[in-house]
Amino acid sequence: MDGVHDMGGMDGFGKIEVEKNEPVFHASWEGRVLAMQRSMAYARAWNIDHSRFAQEQLPPITYLSASYYQRWALGMEKNIIERGFASAEELKAGHATTPGKMLRRKLTVSVLQDSLTRPSYFRQQQAPALFKPGDRVRTRNIHPKTHTRLPRYARGKLGVVERCQGCHMYPDSVAVDQGDNPQWLYTVVFTGNELWGPDGDPTVQVSIEAFEPYLESA
Amino acid sequence: MLSEKGYIDPAALDAIVDYYETKVGPRNGAKVVAKAWREPAFKESLLADATKAVGTLGHVSRVGDHLVAVENTPKRHNMVVCTLCSCYPWEILGLPPVWYKSAPYRSRAVKDPRGVLADFGVKLPIDIEIRVWDSTAETRFLVLPIRPAGTDGWSEEQLAELVTRDCMIGTGLPKNPSEIR
Chain A
1 MDGVHDMGGM
11 DGFGKIEVEK
21 NEPVFHASWE
31 GRVLAMQRSM
41 AYARAWNIDH
51 SRFAQEQLPP
61 ITYLSASYYQ
71 RWALGMEKNI
81 IERGFASAEE
91 LKAGHATTPG
101 KMLRRKLTVS
111 VLQDSLTRPS
121 YFRQQQAPAL
131 FKPGDRVRTR
141 NIHPKTHTRL
151 PRYARGKLGV
161 VERCQGCHMY
171 PDSVAVDQGD
181 NPQWLYTVVF
191 TGNELWGPDG
201 DPTVQVSIEA
211 FEPYLESA
Chain B
1 MLSEKGYIDP
11 AALDAIVDYY
21 ETKVGPRNGA
31 KVVAKAWREP
41 AFKESLLADA
51 TKAVGTLGHV
61 SRVGDHLVAV
71 ENTPKRHNMV
81 VCTLCSCYPW
91 EILGLPPVWY
101 KSAPYRSRAV
111 KDPRGVLADF
121 GVKLPIDIEI
131 RVWDSTAETR
141 FLVLPIRPAG
151 TDGWSEEQLA
161 ELVTRDCMIG
171 TGLPKNPSEI
181 R
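Going down the list, the sequences are from chains A and B.
Sequential numbering of the first sequence, starting at 1, is according to my numbering.
Sequential numbering of the second sequence, starting at 1, is according to my numbering.
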């Protein structure tokens, strides 16, 4: 979806503010939000693209004004309610009034280490890769209303395939519960001028990680 | 409420928070960089397959399948961003700083990386090409900075002290040897 989360190239957000001696968490609730999200992901209640899509669907003003972990919490609440893990009333009250759904597995201290290693996103290929390093490609000019990982600034642009990163689960399908739909993933590199025209910096190159359905031969 | 539903274990939550607060952080990545600076064979394997190379180090937690190391050279400087959310190599750098997840960084890194570097006090000569890696999938990137001059014969531990978090993201350079001696 063409949301405010898709920020690459936007102007007006100002200078980057670096906090000296930044703590890992700025308040203890932030750590708990992260840990709850981790626990629910481990339980396979939803996956990383469901989390991203839930945040992308927040009202733009909320997305931009909430802190990072507030956004996580809001996205998590959306998934909890929409996927039937609890009701809005229960969330508001902070107490369960009905028993929980059966989970596929539960994160406990004894399996903690397993949950800390990122899962693999590699999936069995469904067809040979269409592109190879060195191929010229053009990204498609697509504007799906749902989750996609092709940023707006890199749509309809001419680039070169630099690497093939293997065959991965496809976020655009996963986020809308259409299954893993495995797709080849490539690093595609663009010049600054291809992306930004004469306003671009000719000494800059930018790459995205592009799934095969985002690309056509050029 | 989630605990009453039986979905989460409060003890596991505490353990996860403790892990991110005390066990994993940029020191993990710094050890990887320092080893790559000292051992050409390790550097070669890191650039060929970072997941596998980092996986051979007992002192760093296991990493997922999709870690890629990208090397700075006298001709090219690499910088990593996630314009769509906040993708970052947690397993070797810990949780990302607030600025990495902020709108100013996410919006500007792909359009004006030299301006971003200026915000960090870094000015690179114009003949050094800047390569920005937008982490739009599950691939995660670690920048391998250039080893500072004047560090011949340094131990891995000494070299690791020069490696800052920002230089592994590409918004900084390693410390100058004189800064720690």
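No lab work stands behind these hints, which were simulated from the structure alone.
Any given hint could be a false lead.
[As the list claims (entries may be wrong)] The calculated DSS-like cross-link candidates involving lysine-lysine, where the alpha carbons are at most 25 Å apart (straight line), are: (1) B:Lys5 / A:Lys78; (2) A:Lys106 / B:Lys5; (3) A:Lys15 / B:Lys175; (4) B:Lys5 / B:Lys23.
Each hint, compared with the structure:
1. This hinted pair checks out: Lys5 (chain B) and Lys78 (chain A) have alpha carbons roughly 17 Å apart, not beyond 25 Å.
2. As the CA atoms of Lys106 (chain A) and Lys5 (chain B) are separated by approximately 12 Å, the hinted pair is consistent with the 25 Å bound.
3. Distance check on the hinted pair: Lys15 (chain A) and Lys175 (chain B) sit about 23 Å apart at the alpha-carbon level, within 25 Å; holds.
4. Restraint check for Lys5 (chain B) and Lys23 (chain B): not satisfied, since their Cα atoms lie roughly 30 Å apart, outside the 25 Å limit.
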